[in-house]
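Protein chains: 2
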Amino acid sequence: MAGMELDFVEWLRQRMPKSSQVRIGIGDDAALLTLSRPELVATADLLIDGVHFLTAEHPPEAIGYKALAVNLSDLAAMAAKPAGALVSLALPRDGAGGLTPSELAKRLFDGMLPLAEEFGSPIVGGDTNVHAGPLVVSVTALGEPTGRGVVRRDGARPGDVLLVTGELGGSLAGKHLGFTPRVTEALTLHQTVELQAMMDLSDGLSLDLARLCKASGVGAVVEAAAVPISAAASALAMTTGDLPLKHALSDGEDFELLLSVSPDDADRLLSDTPPGCRLIAIGKVVASEGVTLRQPDGTMEPLLTSGYEHR
Amino acid sequence: MAGMELDFVEWLRQRMPKSSQVRIGIGDDAALLTLSRPELVATADLLIDGVHFLTAEHPPEAIGYKALAVNLSDLAAMAAKPAGALVSLALPRDGAGGLTPSELAKRLFDGMLPLAEEFGSPIVGGDTNVHAGPLVVSVTALGEPTGRGVVRRDGARPGDVLLVTGELGGSLAGKHLGFTPRVTEALTLHQTVELQAMMDLSDGLSLDLARLCKASGVGAVVEAAAVPISAAASALAMTTGDLPLKHALSDGEDFELLLSVSPDDADRLLSDTPPGCRLIAIGKVVASEGVTLRQPDGTMEPLLTSGYEHR
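Just so you know, the protein sequences line up as chains A and B, in that order. Its first residue numbered 1, the first sequence is counted upward by one per residue in the UniProt record's numbering. Its first residue numbered 1, the second sequence is counted upward by one per residue in the UniProt record's numbering.
Excised from the complex, chain A in its bound form:
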């Protein structure tokens, strides 16, 4: 763990749950992990104060939790099993929220560690530095495919049913900091049926579904009445004047899974949903390109890709 104060490295090492997969953890030039098979899934997300969280408002534990959770959500989107994570920090020289840089770092890790333990993703390395800018939390999550391989986003086929794992919209009211990454759900569903395509919803259903369709060379029809709208989206709509549905389609940071399965598999999943999973059918995959929203009265309109994209 380069650049880190020794006492901090020791503090972190002592808090890391023992893992039989971690042959060398924090403290050497690099970590050494044992995997179940010679295949690795890897993903990285970098979160910045003022963009993805606010140190002035959010407890550091929640920020640390989110930074790891968004990465675990990407592993879930591939139906991969978490194996470890590397965490690099740029800490503001003057600290934040009345905390010194070192206190801030410890509380960020305090937020990550329960999640790391719950999902079997020990922190095996990283780097910590102090600088003149805002807090930056950069996480790389490592995972492994199960024996059934990974699920890509390019396998959706016309006729498939589109499902989501939970309600959408209004995440910035709180869920974006405390959501449960759908790792367990993804692995369970992957064992149960043939997942044709899957991704996690980070930028809003309308934008993310357009991406899945583009990658798969297909289109989709979403049933407006079927989109599950969160209570937070409904509450938000009262202040913005937008429809709750619009929030559900485009707010982003839902971190639910979007999956595409055959009609038979959809029937099976919806009539006998695996324990611990929620599934809501929202529409169908079609051969013609473009994503369309069908209103209850049958009118069709193009679903604009108005999702929130971090810049």
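Incorrect hints may have been included.
Stated by the list, open to error - Using C-beta positions, here's what the derived DEER-type ranges look like:
1) A/11 with B/272: 43 to 51 angstroms
2) A/172 with B/238: 51 to 59 angstroms
3) A/146 with B/174: 44 to 52 angstroms
4) B/114 with A/57: 23 to 31 angstroms
5) B/191 with A/14: 30 to 38 angstroms
6) B/37 with A/300: 51 to 59 angstroms
7) A/172 with B/94: 24 to 32 angstroms
8) B/56 with A/14: 34 to 42 angstroms
9) B/240 with A/11: 34 to 42 angstroms
Claimed, not checked - Some residues of chain A that are not near chain B, with every Cβ distance over 10 angstroms (derived):
10) 30
11) 37
12) 110
13) 131
14) 140
15) 145
No lab work stands behind these hints: they were computed from the structure. The C-beta atom is built at its ideal place from N, Cα and C for all residues, glycine as well.
Given chain A, work out where chain B should sit, using these hints.
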């Protein structure tokens, strides 16, 4: 590659050399790599404008090169073979050095790509964001052990000879931006002899050797006359008034390898140095704790851990 503009992802994807190890690269929720065996080496380093480089002075290509090279140096320190890297960027909203954020990102990658190709470390994922702070480049490098396993820093034994792979000191005059990570040397040496312990010199010989000794539960005696002093350290000494040796011992960012081998292996390496490697013996490992510097007249003094540590 979350959060990245689509045209940028496409730009980067087209530039990435084809690799048979990369089953899924940039563009899905996560990357999928095939490894030679079910073992993974992983390391992360985060570099920040004003701390590790200066956008006002250094070309973005050199900054990108350095960000990947320091990570490959950590893989080399484990005698691991590079397999891929993830690169996350926090780009200053107003750009830097007259470049827009997007131009800056492209030129950072322009500096990384030749190095990625040379060492077989394709960029398989990452994240790019724009923010109100300075440029932050966060890299995670992935590698694999050879059949001989990795080399840790905790295996040095009393009687071992300490070797370094090149001259030390004065790196900030230029070498820190353009050094060659000692990946090939590490793999060659690991094939040739039994490497007892190894690390890369990032914070200065005096501090890094103290770390290697502490991890191994040993001490060391360094011969002052044997430490290879770079021309840059000698030049720097003329302006600072410090001894060139002091610069060689404590400037940091040398990114040479420090290795500990048996006397027999040291003889073998020094009399018949493998092609492409340079090796200089600088001292010996001893049983008693602490690192001592022996002057040519025989006087001994403790080697202070005055290395440069990034904060």
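Taking the hints in turn, this is what the structure says about them:
{"no.": "1", "hint": "A/11 with B/272: 43 to 51 angstroms", "verdict": "holds, 46 angstroms"}
{"no.": "2", "hint": "A/172 with B/238: 51 to 59 angstroms", "verdict": "holds, 57 angstroms"}
{"no.": "3", "hint": "A/146 with B/174: 44 to 52 angstroms", "verdict": "holds, 48 angstroms"}
{"no.": "4", "hint": "B/114 with A/57: 23 to 31 angstroms", "verdict": "violated, 43 angstroms"}
{"no.": "5", "hint": "B/191 with A/14: 30 to 38 angstroms", "verdict": "holds, 36 angstroms"}
{"no.": "6", "hint": "B/37 with A/300: 51 to 59 angstroms", "verdict": "holds, 53 angstroms"}
{"no.": "7", "hint": "A/172 with B/94: 24 to 32 angstroms", "verdict": "holds, 26 angstroms"}
{"no.": "8", "hint": "B/56 with A/14: 34 to 42 angstroms", "verdict": "holds, 41 angstroms"}
{"no.": "9", "hint": "B/240 with A/11: 34 to 42 angstroms", "verdict": "holds, 35 angstroms"}
{"no.": "10", "hint": "30", "verdict": "violated, 4 angstroms"}
{"no.": "11", "hint": "37", "verdict": "violated, 5 angstroms"}
{"no.": "12", "hint": "110", "verdict": "holds, 20 angstroms"}
{"no.": "13", "hint": "131", "verdict": "violated, 4 angstroms"}
{"no.": "14", "hint": "140", "verdict": "violated, 4 angstroms"}
{"no.": "15", "hint": "145", "verdict": "violated, 7 angstroms"}
Hint compliance for this structure: hints 4, 10, 11, 13, 14, 15 are not met, and every other hint is.
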